[in-house]
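With the working numbering, letter number 36 in the sequence shown gets 36, and the count goes up by one each step, no holes.
What the hints contain is simulated information worked out from the structure, not anything from laboratory work.
There's no promise every hint is true.
[As the list claims (entries may be wrong)] Taking lysine to any residue and the SDA-like style, the derived pairs with C-alpha atoms no more than 25 Å apart in a straight line are:
1. K74 <-> I5
2. K31 <-> N44
3. K69 <-> A53
4. K28 <-> A53
5. K30 <-> T135
6. K97 <-> V117
7. K69 <-> I11
8. K69 <-> V87
9. K31 <-> N133
10. K30 <-> S134
11. K31 <-> V54
12. K97 <-> T57
13. K30 <-> A53
14. K46 <-> A10
15. K69 <-> H114
16. K28 <-> D51
17. K97 <-> A127
18. K74 <-> I11
19. K28 <-> T57
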Amino acid sequence: MRRIIVGILAIVIVLGAAYFYMTNDNQKDKKVWDQLRSQLTAENIKEISLDDAVLETDEFTEVISLIRKSEFDKTNRVEHGPTPVVVITIVFIDGIKINVGYWGGTTFELSPEHIDVESQFLVTNDALGDWINSTKR
1 MRRIIVGILA IVIVLGAAYF YMTNDNQKDK KVWDQLRSQL TAENIKEISL DDAVLETDEF
61 TEVISLIRKS EFDKTNRVEH GPTPVVVITI VFIDGIKINV GYWGGTTFEL SPEHIDVESQ
121 FLVTNDALGD WINSTKR
């Protein structure tokens, strides 16, 4: 009888841990990032701007490529924070807008509310940070 109770308890603990792992904010936001990344194609995007300056075709495709290569870092559901130094605005063909906040370095913040209104997370990308820093606007 004791073995059965210990076995059931072990199963409950494992299932509870698995449930927590699959439903925590990092896992949710990682899935949102994967979905958003798949939507970031030249065919789906109407316009990209860097601090309200619309990018030309060659920069447009370069930025799409760079953003897609970003790696998920962590969830950042803090609602409102400091104003970013640079904002990349992505406008999709269907009118949805996403802002990518940048404060310097290699970390960017996204909040794709069209996928999940609560989602807010950080991605990292050295090359995108270098591109922004080399672009004189």
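- Task: Mind checking the alpha carbons of K74 and I11 for me, to see if they're no more than 25 Å apart?
- Result: Violated, at about 29 Å.
- Item | Given pair status - T57, K97, alpha carbons within 25 Å | holds, 18 Å
- Has the given pair, K69 with A53, been kept, meaning a C-alpha gap of at most 25 Å? holds, 23 Å
- Task: Verify the proposed pairing of K69 with V87, using a straight-line Cα cut of 25 Å.
- Result: With Cα atoms ~18 Å apart, K69 and V87 stay inside 25 Å; holds.
- Message: Between the alpha carbons of K69 and H114, is the straight-line distance 25 Å or under?
- Response: holds, 21 Å
- Query: Are the Cα positions of K28 and D51 separated by 25 Å at most?
  - Reply: violated, 29 Å
- Message: Next pair to validate is K30 with S134; report whether the Cα-Cα distance is within 25 Å.
- Response: violated, 29 Å
- Message: What's the verdict on K31 and N133, does the C-alpha distance respect the 25 Å limit or exceed it?
- Response: Violated, at roughly 29 Å.
- Query: Is the straight-line distance between the alpha-carbon of K46 and that of A10 25 Å or less?
  - Reply: violated, 52 Å
- Verify the proposed pairing of K74 with I5, using a straight-line Cα cut of 25 Å. Given that 25 Å is the threshold and the Cα spacing comes to 38 Å, the pair is violated.
- Message: Next pair to validate is K97 with A127; report whether the Cα-Cα distance is within 25 Å.
- Response: Roughly 23 Å between the alpha carbons, so the hint for K97 and A127 holds.
- Message: Would the hint linking K31 and N44 be met if the CA-CA limit is 25 Å?
- Response: holds, 19 Å
In this structure, the earlier hints numbered 1, 4, 5, 7, 9, 10, 11, 13, 14, 16, 18 and 19 are contradicted, and the remaining ones agree with it.
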